[in-house]
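Novice: In case you want the letters, here they are:
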Amino acid sequence: MAERDPAWKVLPKPSHPHDSARLHVAGEARYADDLTEPADMLHLAFGQSSEARARIVSMDLSKVLASPGVVAVYTAADIPGANDVSPFAGDDRLLADGEVLCHGQAVFLVAATSQRAARIAARLGQIEYEPLPAAVTVAQAQAAGSHIEPAQRMARGDAAAALAASPHRLSGRFAMGGQDHFYLEGQVSVATPGEDGQVHVLCSTQHPSEVQHLVAHMLHVSSADVTVEVRRMGGAFGGKETQAALFAAAAALVASKTGRPAKFRCDRDDDMVMTGKRHPFEIAYQVGFDDAGHLLALSLHLASACGATVDLSPAINDRAMFHSDNCYFLPDVEVVSERLKTNTVSATAFRGFGGPQGMLAIERVIDDVAMALGLDPLDVRVANLYGPGRETTPYAMTVADNVAPQIIARLRQTARYDERARAVEAFNAANPVLKKGIALTPVKFGISFTTTHLNQAGALVHVYADGSIQVNHGGTEMGQGLYTKVARVVADVFAVPMETIRITATRTDKVPNTSATAASSGADLNGMAAHNAAMTIRDRLTTFLARTYGLEEGAVHFTPGGVIVGAETLDFGQVARKAHIGRISLSSTGYYATPGIEYDRSVFKGRPFYYFAYGAAVSEVVIDTLTGEHKVLAVDIIHDVGRSLNPVIDKGQIEGGFIQGQGWLTTEELVWDGKGRLLTHSPATYKIPTASDRPKHFTVTLWDGENVEPTINRSKAVGEPPFMLAISVFSALNRAVAATMPDKRALPPLDAPCTPEHILKAIAAHKAAV
Amino acid sequence: MAVRFLLDGEMVELDAVDPTATVLDHLRYTMRRTGTKEGCAEGDCGACTVLVGSLEGDELAWRAVNSCIQFLPMLDGKAVMTVESLKDVGGALNPLQETMACNGSSQCGFCTPGFVMSLHGRTIGARGCELPVEDVIAGNLCRCTGYGPIIEAGEAAAPFAQDDAAVVTALRGLQGSASGEWQGRRWFAPRSADELARLLAEHPDARMIAGATDVGLWVTKGLRDLGTVIFLGGIAELAVIEESADALTLGAGVRYADAHAAMARLHPELGELVRRIGGLQVRNAGTVGGNVANGSPIGDGPPALIALGGELTLRSMAGRRTMPLEDYFLGYGKQDRQPGEFVESIRIPRPSADAVILISKLSRRFDSDISAVCGAFMLRVEDGVIRDARVAFGGMAATPKRAARCEDALLGQPFAEATFATAAEALKADFDPLTDVRGSAAYRVEAAANLLRRLWLRSQGVAVAVLEALDG
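Which chain is which? The protein sequence lines are A and B, in order.
Every letter in the first sequence is one number past the one before it in numbering that gives the first Met the number 0, and letter 362, counting from 1, is 361.
Every letter in the second sequence is one number past the one before it in numbering that gives the first Met the number 0, and letter 70, counting from 1, is 69.
These aren't lab readings, by the way, just hints derived from the structure by calculation.
Bear in mind that the values here come from a model prediction, so they are computed numbers and not experimental data.
One or more of the hints may lead you astray.
[As the list claims (entries may be wrong)] Which bits of chain B does chain A cover? Going by a derived footprint, with three or more residues having C-beta under 8 Å, they are:
#	region
1	8–15
2	237–250
3	296–309
4	382–392
5	418–432
[What the hints assert, rightly or not] Using 20 Å as the maximum straight-line C-alpha spacing, the simulated EDC-like pairs for lysine to aspartate or glutamate come out as follows:
#	chain 1	residue 1	chain 2	residue 2
6	A	K674	A	E98
7	A	K743	A	D224
8	A	K766	A	D742
9	A	K674	B	D435
10	A	K695	B	E151
11	B	K220	A	E148
12	B	K86	A	D269
13	A	K256	A	D33
14	A	K62	A	D77
15	A	K256	A	D157
16	A	K743	A	E98
17	A	K256	B	D435
18	A	K766	B	E151
19	A	K62	B	D224
20	A	K695	B	D224
21	A	K256	A	D224
22	A	K695	B	D435
Positions of the beta carbon are idealized from the N, C-alpha and C atoms, including for glycine.
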């Protein structure tokens, strides 16, 4: 364990910039599409379904084949192995086989001499469909009884009885939209055929091992015949966890069939149509509470549109359930999660993985209770926090590391919440058109894959005889700084400067059977695996040096000034050379599996998470009650990353996560038409935040604490949790809308995202409500 | 004739050019300059930002543009800088890059070269860069960082005098007309309005392309073959801005970024509208004339220009004709432009000092978005009575359109709350908008009507519009 290593205690921990930062700013960091294309490279495009659900009656692809530059056209019948690009359920087709389940689904595959030629040809397919009844909304799927799996139930106590016994009761419902990942680098894969049926796939993916396995099954070869490599992604956010496999498999199929290298670089609009997004949820609740706002009973119904296939929806919806308590103790509670199968592109992983939806639900409930009682919502939040004697979650895990109360108290003070809340009230009294709102919301996010076996990682460390070091691990780099963090871990083990470490591309032939880089777990898992690999080598070196110099092992120290061996100090290169000549292995794998986690999905009880990451944010907003426009004015955050592995990188995750969450809840609206076609399939219509959407006042403070669990450097995962800090924006907007009728004790019916249209609608409905 | 441009001071000469091949594809896949990225291929994300230098008099005017929707012939006679151009001979990063590399400006790094180019433009005094950093990078999307370090790096970057003397000299020899043919498709890049008029007489079906911020997408997204094309960017006399005591006259080829200051001087509301048209890269390419000529129902310029009493002049071999701007828009996709005609200029009368003007663009996002509703009002009030009323909207009908009933309800009425309430009701009868991806019909009608209340309340000193209330 890193914690037992004294080196960790003595070394300072400066923030190293992202390992590729100098390459990024110079335009020299290479992404999959940047490598020189071989002259015979083929470029690919999919022919897409024009129907939400239909049987394919016939396909005439002669015009496709005749289009200039086209080399080959493939359909499902051309796939030698499994026609499957799904993570586990087996229901995602590479190419449609007899029926289509959503608009935009891949029906046939074109290989041509240029990307443009492939895209032009892909629009020429003549496909006859027999339309079948389609459900494209949650309501339609509910009416049709269309689900990807049975509803799941998590409960404690007797919510119905407790509701009946509560002094106050409320019921409510609201909806929240999905979200497109909008990674700046679209989906891209380059497949190169090798000898004897092998294939190499350069793929922008968070999950190289899954791509490897799917490609192997699809080609009917072994996993050992397929190598998947990814040096970096131009953003991913969950959108390249399962969604990259479609494009990788297409490229591998063409490479295998034609013997030519094949690249699938997906056009942005096609990418937005064809790849999964965050799940939209519809929430309904009944809550019972007392005069002080203590929640006594909660019955919560979560309904999500999972899209046409299973993908990762079970685990995502599970996580929504696990986060529908957030930081609050719910004595008698029932959470029912309905997973609807809709004829839209399959919803998938996205930063937070269901957590944001579950958390938004409970924060909304709290706001509703506070409004009904005329209390400050923050006081209601504080009244319901986990604490001594009330520290067990609805899934029976003990919250052992609860720092939410301290973080909230600190932020309340440093951000001057109470004073500003009074100022907001005064502003609203003085302004008929503009209304402000302020809210402080906390985050408690569970860290670990809830699919327990995924919580493992491997690494490979080589020390070369000149003292330089190569590090490899199963984690992928999507901008989150994982490579930098892991390199630092290894550098610290040997007490060498960062420049000594060469970070190498993630490859399935270096570290096998890896988990996706997801669930915020990248640094926790891979950092520890790399640490273990490096420690193995260091222990060998220590033993070797002690033996060579005739000393106790305790007389060997790896320090920034060099390796101290008794009275002598050697530089690390000398040590490596001596060890090589001394026939000591300078290479090692490392492995790590998260300890102590176990839970039973059949009853939703156990310890699904190793620990929790916490944070809180205050957001202040202003709305225009004539147009529905709004602006986020000020945000203050305190966030818990344990003992930070890299404060600059962690702050970047917090700020970026917050703004992305703000986008989800404000400007980013996915619009589907009645036929299941996505209308917002480009940045012209789908609006992620720009620089001016960042609040002018924006402070981020790292909570000064450490993980109670022995994680690497006692740090905490940081990828996803800050996303949910943006729930404070939604809550503040609700209060601003409520301020249009200050005497009304009701929460306005505001849905997310809070577009001008939704805000104006909520104002009208709030004014009209009795 | 070839397309000739300077890249890092070296002449690039392309003999056979697909006239609608994009600059981005040429840089990436032919010249192997892969630092410039494709994020969307529609001018909305800025990952493909490069700087293009035009010879203007004795000076080189640099502009950040989206290379994904610039066609190769548009580079003829220009200089180009990409992210690869920025390293000095020793290979060191420039100070801006150095700051960005150290302060967390990049995470995934994919958008980074585009930000570097936009901000580098600001350090060398490129056009449009007198704006705050947030505006200079409003056309660059980053999904990772939340923008903080990038803004900080941009604000910290010191101005830097780039020596362009050699480039200016070299470009002088490249300022002639150009034309070519590629696989049966002809293209022309005339240098004078007379030449354009002649070309249009000969090729009445030719597609005119000014900034390509709209037409570019017909190629990258619509995958269309545009046939014969005429590039207008080289016609200096169409890019003239004339400010007089009574009007602002903008040549059709004036880029929005170049017109910004003059339009803001005409009225601050107009300046604020221009600030919110596209990102800087779009305003650096897109022209006022193109925004009018293409007849889009959601173009942001026309409603304001109509409300301000703008006049359009069209020109052809047969001569000129001038019309009120609103008369140009006949119906959806249909404009009053005869074969052989081109838009020459737009004249905007200078509003009187006491004119009451409101121009409001409503969109999901403030910057670099297309409006759901764009409303523009100009009223003249004498002795408490509304004597002139011009009200025009975009996004409410098949064309940018005046609101006749609303204007009637205002004219001759007292400048009073009740008048605006009546006019708001009247406005609802003026339009029957669509429900589409940018908003429902109901929202459009309600928000448009509420703009009349915004106008009234603001005249009474009430705080309206969140962008005006940021320091609260």
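Novice: If any of the earlier hints don't hold here, list their numbers in rising order.
Specialist: When the structure is compared with the hints, numbers 1, 2, 3, 4, 5, 7, 11, 12, 13, 15, 16, 17, 18, 20 and 22 turn out to be violated.
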